[in-house]
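K.L.:
Single-letter residue listing:
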Amino acid sequence: MLKDLFRPKQKYVTIRQREDDNGITFPEQLEKKELPDGLWIKCNQCNQMIYHKDLEKNLKVCPKCQYHFRIGAWERIEYLVDPGTFHELFANISSCDPLGFPEYQDKLNKFKKATGLNEGVVTGTAQLEGIPLAIGVMDFGFVGGSMGSALGERLVRLFEYAYNEDLPVITFAASGGARMQEGILSLMQMAATCQAVNRLAEKAILFISVLTDPTTGGVFASFASQGDINIAEPGALIGFAGARVIQQTTRQTLPPGFQRSEFLLEHGIIDLIVNRKELRSTLARLLRFHQRRKREIS
Amino acid sequence: MANGSNYSLDFEKPIKELEKRIEEIRIFAEEKQIDMSEEIQRIEAKAQHLRKEIYRSLTPWQKVQIARHPKRPTFLEYIDLIFTAFVELHGDRLFRDDPALVGGLAYFEEIPVTILGQQKGRDTKENIYRNFGMPHPEGYRKAIRLMKQAEKFGRPVITFVDVAGAFPGKEAEERGQGEAVAKAIMEMAALTVPTIVVVTGEGGSGGALAIGTGDRVLMLEHAYYSVISPEGCASILWKNAAEAPKAAEVLQLTADDLLALKVIDEIIPEPLGGAHTDLERTAAAIKKSLRKNLRELMAIDVKDLLELRYHKFRGIGRYVEE
Ligand SMILES: [Zn+2]
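Sequences listed follow chains R and C, in order.
For what it's worth, the numbering used here labels the leading residue of the first sequence as 443, then goes sequentially.
For what it's worth, the numbering used here labels the leading residue of the second sequence as -17, then goes sequentially.
Don't read these hints as lab results, they were simulated from the structure.
Treat the hints loosely; a few may be bogus.
Derived DSS-like pairs (lysine-lysine); straight-line CA-CA distance at most 27 Å [to be verified]:
1. Lys221(C) <-> Lys552(R)
2. Lys28(C) <-> Lys(-5)(C)
3. Lys28(C) <-> Lys(-2)(C)
4. Lys53(C) <-> Lys28(C)
5. Lys270(C) <-> Lys228(C)
6. Lys244(C) <-> Lys549(R)
7. Lys134(C) <-> Lys28(C)
8. Lys552(R) <-> Lys228(C)
9. Lys34(C) <-> Lys14(C)
10. Lys107(C) <-> Lys34(C)
11. Lys14(C) <-> Lys2(C)
12. Lys34(C) <-> Lys(-2)(C)
13. Lys53(C) <-> Lys554(R)
14. Lys53(C) <-> Lys228(C)
15. Lys269(C) <-> Lys134(C)
16. Lys645(R) <-> Lys53(C)
17. Lys719(R) <-> Lys506(R)
18. Lys228(C) <-> Lys549(R)
19. Lys(-5)(C) <-> Lys53(C)
20. Lys484(R) <-> Lys495(R)
21. Lys244(C) <-> Lys221(C)
22. Lys134(C) <-> Lys645(R)
23. Lys285(C) <-> Lys645(R)
24. Lys53(C) <-> Lys(-2)(C)
25. Lys228(C) <-> Lys244(C)
26. Lys134(C) <-> Lys152(C)
27. Lys221(C) <-> Lys549(R)
28. Lys221(C) <-> Lys555(R)
29. Lys134(C) <-> Lys274(C)
30. Lys(-5)(C) <-> Lys34(C)
With the Cβ distance kept under 10 Å, some of the chain C side facing chain R (calculated, not the full set) [stated by the list, open to error]:
31. Val69
32. His72
33. Gly73
34. Ile93
Which bits of chain C does chain R cover? Going by a derived footprint, with three or more residues having C-beta under 8 Å, they are [claimed, not checked]:
35. 25 to 32
36. 121 to 128
37. 150 to 162
38. 166 to 176
39. 180 to 192
40. 203 to 210
Every value quoted in this text rests on a predicted model; they were computed, and no experiment measured them.
Glycine included, every Cβ here is placed at the ideal spot set by N, Cα and C.
Use the sequences and the hints to build the structure in full.
P.N.:
In structure tokens form, the structure reads like this:
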């Protein structure tokens, strides 16, 4: 509401951000329980003040400029699937510290406490407009959504579950890339997830990959770019190498909108861009296209 | 970029000093027409002893330096020593031929094979031409094309990995580098022919894995293979790229580390002083290892081969299951 803007001394929270070395911004965790009534949120893009309940009602999309705020895995599930249908799987798999990497265990503990998650992806089954599916949703809030052994294992099990149960799979990627703290073991998750995705072809199982802000590095360069259909939310940062590294290495000037969803669509890397508010209906429509089994060639 | 001829490994300095001393004595002996061969032999023995000592206990960072040595043998140098009748095949049929990734047909001891590898330049000019051995998306797509061709004709695929990392460039992103790497990983992992990977120098993250999902992964003794460069890791961890030697330790990127982690299957020994000191011997060692592994793989039924490969890469991660 425009008149809301002129309310005197209205309290608001801005989502503080910090940047990592790849120029990926990490918002501080935005959690419902930390926002008492009457709080206002400032849009990162248009600076509009949005009443937090309005923002949530709008699936955390700015009503004025359509900026898509980053959301956590559970919020995503809540926004997307039929209420009460989500059944979590593989939650018993979590990260260890296989290399004895400096500060890793502390970091894991810290993120577990801060997010209430025990890994950077939530996997399970659900229904979407009544259609059963396997779903994996990454959470950027958990160690930057980085893919280590446990995260990779959960995804591989999800793909294998979908294979065995003949279910379509939808994943939501949100990741800075491979989890450095597990070294080469993280790199190998790119191979493991790609293999698992590839097997779905044997049974003509649909895999839709939804790329959200941000999807970069080893996650983009593995399962997340290999959907039968690749969808992105508007304005999401999606790419392999970080913009800052590119600038430092090649001294190239990068065009505005570089590595954003619209850039990827233009360059033929994704199939479509879908607003979060349209995502549920679009996914349902795509799922329905694939409900009829493939005709056997005798 | 260091020039090959005067690039020196700092940890070899004591050896270099002894070699300089030997050279001085030689010149002196020649000038004065006196026999100093005994003294020379003594110092040579000392240098050799020192070299053995140093190479027995190389740090991970020292290995990284050897792996990056500008004289480190490249794919093209190995080809003629390991394979015969090589015919290079060019291009991805989509955009252009990427000179950073070389591929083609050859015989490995009478067996027709498809070979692929990243190709670094051997001087500045060639390095610019070959983008320092860092492929663009079209390089990975050429690799996919040649692998699928190999599959069609039932040829085993042998890849040589030596890449600093995926190329950070505007055009590479525009042409979908992430997608190209993923596709290469996926297609190679599903090939219905035996596949062998040899990590010969730098195993730089996604760029390496793109041609790295083979039935067997072999690795030269002083090569390294990592999710991130030691410099990159140090900048993130300690905000200082100069801490790279420390990062090389924690990343566990040496051949010994990777064998223990079951990421590789075999370590191929290098001559004392590194592969660049004796190309022929290094090539012979690679050939020996390839022969053994190729024989084993060719005896395995395709269905079993695919199952074994799937579980190989699926089983590397370490996690807790409660
Ligand atoms: Zn806005």
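K.L.:
Broken hints, numbered, in rising order?
P.N.:
Failing hints, ascending: 5, 7, 9, 10, 13, 16, 21, 26, 31, 32, 33, 34, 35 and 36.
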